[in-house]
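A.B. asks: As a plain string of letters, each chain reads:
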Amino acid sequence: MSSTTATAGAVAQARRTSLHRQRAWTLKASYAVLTLMVVFFLVPPFYMVMTSLKSSAEISAQQGNPWIVQHPTLANFAELIANSNFQTFFVNSVIVTVLVVVISMSISVLAAFSLTRMGFWGSQTLATGVFLTYLIPASLLFIPLFQIIGKLGLINSFWCLVLLYPTLAVPFCTWIMIGYFSSIPRELDEAALIDGAGYMQMLLRIFIPVAMPGIIAATIFAFTASWGAFLYPLAYLYTTDQMVLTVGIVSDLIRGDVFQWGKIMAGCVLAAVPPVLIYAFLMDYYIAGLTAGATKG
Amino acid sequence: MADGTSISANLAAPARAAMAPPSGMRKFMRRRSTIAVLMAMPLILLIAGLVIWPAIYAIWLSMLNKRMTQFVGLGNYAFLLKRNTFQLVIFQSCLFAVTAVILKALLGFIVAHLMHNIPGKNQRIWRGLLLVPWVIPLALSTLSWWWLFDPSYSAFNWILNSLGFQSVPWLGVGWNARFAVIAVNVWFGTPFFMIMYLAALKSVPEQLYEAAAIDGAGPVQKLLHVTLPMMRNIIAITVLFSLIVTFADFDIVRILTAGGPQDMTHLFATYAFSVGIQSGDIPLGASVSLFMLPILAVAAFFVLRGVTRRTQEIAA
Numbered sequence: 001m002s003s004t005t006a007t008a009g010a011v012a013q014a015r016r017t018s019l020h021r022q023r024a025w026t027l028k029a030s031y032a033v034l035t036l037m038v039v040f041f042l043v044p045p046f047y048m049v050m051t052s053l054k055s056s057a058e059i060s061a062q063q064g065n066p067w068i069v070q071h072p073t074l075a076n077f078a079e080l081i082a083n084s085n086f087q088t089f090f091v092n093s094v095i096v097t098v099l100v101v102v103i104s105m106s107i108s109v110l111a112a113f114s115l116t117r118m119g120f121w122g123s124q125t126l127a128t129g130v131f132l133t134y135l136i137p138a139s140l141l142f143i144p145l146f147q148i149i150g151k152l153g154l155i156n157s158f159w160c161l162v163l164l165y166p167t168l169a170v171p172f173c174t175w176i177m178i179g180y181f182s183s184i185p186r187e188l189d190e191a192a193l194i195d196g197a198g199y200m201q202m203l204l205r206i207f208i209p210v211a212m213p214g215i216i217a218a219t220i221f222a223f224t225a226s227w228g229a230f231l232y233p234l235a236y237l238y239t240t241d242q243m244v245l246t247v248g249i250v251s252d253l254i255r256g257d258v259f260q261w262g263k264i265m266a267g268c269v270l271a272a273v274p275p276v277l278i279y280a281f282l283m284d285y286y287i288a289g290l291t292a293g294a295t296k297g
Numbered sequence: 001m002a003d004g005t006s007i008s009a010n011l012a013a014p015a016r017a018a019m020a021p022p023s024g025m026r027k028f029m030r031r032r033s034t035i036a037v038l039m040a041m042p043l044i045l046l047i048a049g050l051v052i053w054p055a056i057y058a059i060w061l062s063m064l065n066k067r068m069t070q071f072v073g074l075g076n077y078a079f080l081l082k083r084n085t086f087q088l089v090i091f092q093s094c095l096f097a098v099t100a101v102i103l104k105a106l107l108g109f110i111v112a113h114l115m116h117n118i119p120g121k122n123q124r125i126w127r128g129l130l131l132v133p134w135v136i137p138l139a140l141s142t143l144s145w146w147w148l149f150d151p152s153y154s155a156f157n158w159i160l161n162s163l164g165f166q167s168v169p170w171l172g173v174g175w176n177a178r179f180a181v182i183a184v185n186v187w188f189g190t191p192f193f194m195i196m197y198l199a200a201l202k203s204v205p206e207q208l209y210e211a212a213a214i215d216g217a218g219p220v221q222k223l224l225h226v227t228l229p230m231m232r233n234i235i236a237i238t239v240l241f242s243l244i245v246t247f248a249d250f251d252i253v254r255i256l257t258a259g260g261p262q263d264m265t266h267l268f269a270t271y272a273f274s275v276g277i278q279s280g281d282i283p284l285g286a287s288v289s290l291f292m293l294p295i296l297a298v299a300a301f302f303v304l305r306g307v308t309r310r311t312q313e314i315a316a
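Protein chains in written order, with UniProt numbering: chain P, 1 to 297; chain U, 1 to 316.
Be aware that one or more of the hints could be misleading.
Calculated pairs, PhoX-like style, for lysine-lysine (alpha carbon to alpha carbon, straight line, at most 20 Å) [claimed, not checked]: (1) U:K121 with U:K202; (2) P:K28 with U:K121; (3) U:K66 with P:K151; (4) U:K202 with U:K222; (5) U:K82 with U:K66.
Just so you know, these hints were derived from the structure itself, not from any lab.
The shape of chain U in the complex, shown without the other chains:
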């Protein structure tokens, strides 16, 4: 608040001054770009101070020993890669992100198509209901999932028992817990895919489908040769974007399992938290987080490329 108002107050005067005298065009342009830089300054300061600087600082931190007194180079990274727990973290992070993103994209695609089928006036209410998981803060809805998975009071087990099945220890056994965290992530993320794909489906011109129908295309051919090519870019952007977010997920695993049982559900973020904040080994925690960087950077590069292309498509 302080930043924003003080700068706008300072700006009003030079802006008016720039307009008043009919001075040379070059001077005017120079003033104009000075004002522009001033207006963007809070943003630049925010990104430089709280994103770029911490990122550089993280790299420096990750090369120190636990007490932060000695420079150890890549020692922390080598140490982590040799540790069994960390190898599990890498495996689980990839499994979690890839499985969850594929499931979310598939479910989102199917639901978007079903929504597209039903009459427009009914779409609003269905869309409203289907977006609810995305609206409730994730930490809160994960608490309610935790309660649903509770070892002794699980409401899912009540259903299983009344159907004549055994109770399932949802979060107590490694692979069950892995399934559970993926399920919660799919539950949370599918609405986002659905909304993106529905918007994309609506932007496909109806004439294309008519032309395909005249050429004798069936529903499958329409999907393969009209819908998918038209949506390719949006699919790529959403999948990559979701890959970044899912890969870096923290809330679900932290609340449901806190990484257990036997560290089998730890992701990079939760492991970094337990090493860096809870055990107080800041440098090691920083190196755990930084392991995400290469994967995120590659995904971010392709998202950016996709968005640029999409912008050009819209402009054209």
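Here chain P stands alone, though its shape is the one from the complex:
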């Protein structure tokens, strides 16, 4: 009896050390593969930054390692910031994005509140419809929308983006907000109703503060969707005074066969800064928004 427990103990001991060794090995292997993935993922942004710091002479020289900048210069950035076209693109992007975020969030918060808390005939169907709309890609409807935008006289005006981008943002934002609002306990609204609050007061004083994380996540989504959209501005805008960053960088900096790669990359870096900054400071909300589609609501 005692001998069996002793051998069993030894076996367990041996297994524990081998298990320990195995764990350590797994950990090292995990880090190694993750490092490889990080390298793969960071190559384009790294090269973007490197190129943006090169002079055009260095880019065309074709000597030495292209991955490392030999004589870093901020000339590309300085020229771009002074370039009036680039300023226009940036300002247009900011105007469009701010308006779209405000419009989309107002529409989604009101609709999500109405769908989760008030309800009306067909509100369930509408909630499902909202989710289905989210699954409709922009590239399915851009041709009929071209005709519709044309009839509204908004072709080559960035106001057409203010009109169209909410269709990209609102369905998902509403879906996120439905998820967050339905997790708020009903006792809260009953208490508010007993205290004599109206629905608008309930929404503004209770729902919006309590669901703040959801609102931040949805706002981030609306921001990234409208800041980075490419198809609509490419299809509907064609003069430099109306363009936004995503298409402006290409159309303005490529003249015929001349590619000013240093400036193009500098433009990309500048255009990527706002979303990257938001991501750096609000990563948790960003990820909450990303995973909300499938795990909430």
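Using the hints provided, position chain U relative to the given structure of chain P.
C.D. replies: Only chain U this time, still in chain P's reference frame:
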């Protein structure tokens, strides 16, 4: 903005009025649902006006001739199906979507597992680094890929040359270009899968693994009989969702190859753009886009089913 504020301003008054007099319950309910409809109205108008109406309009447009003067029925569809270029588009779209989604799902699954292995306090920084491709607007990062693939200045070719290999014409030869657009899509989409799978992995109860270990299950058996069944729904949802997005992709192909060489990398979206907007044949472009509809509808149906089930699982 205008819509949102005006409606909220209008709403405040009736909402308070509804609360003040202790009138009959039925009247109250009727008021309440009227207010509810009003609050959802901007959403309904947006979806009806800019999603449903264009969709119906697209079907109508696709049945007109090029000048939009004559009704041609299904003529555009028949014309497209007979064209060699369009057959290439169908093949390339399916190849692109299926290959890219499989690769993204596999890589995402592996990376999520590796992330799950490492200690929790280190996960944040790694997750932060691995999500970068998803954060940079796709059109911008594709520009930087384009520059990496440049015929004369390609930085990849510099590496190949210094290792003693020949330069590769990344975007100049059909199958190379097909590989390149898939690679960029995988680069962009893998972080999404990783984040979804990591969230799902964390929600698998630890006791299940302990129970499996007591029953003598090895790592492979744990994966097959615990992890995969627990994650099945999330895997299905993400794969189908990504299939829709990848199938309808536009930015990558438009910027990298604009459909070339010899139309070998065109997807439905880029081909619709070049036919409908650039060549000005709106009806034909509309029919090209509409070819995506059946596939998207099937995928969307299953996504919806998966999400509903997932919701029920969470509720239960």
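A.B. asks: Work down the list of hints and note, for each, if the structure agrees.
C.D. replies: We went through each hint and held it up to the structure:
1. U:K121 with U:K202: holds (14 Å)
2. P:K28 with U:K121: Since the Cα atoms of P:K28 and U:K121 sit roughly 16 Å apart, the hinted pair holds (cutoff 20 Å).
3. U:K66 with P:K151: At roughly 18 Å apart (the allowed maximum being 20 Å), P:K151 and U:K66 satisfy the hint.
4. U:K202 with U:K222: holds (15 Å)
5. U:K82 with U:K66: holds (17 Å)
The structure shown violates none of the earlier numbered hints.
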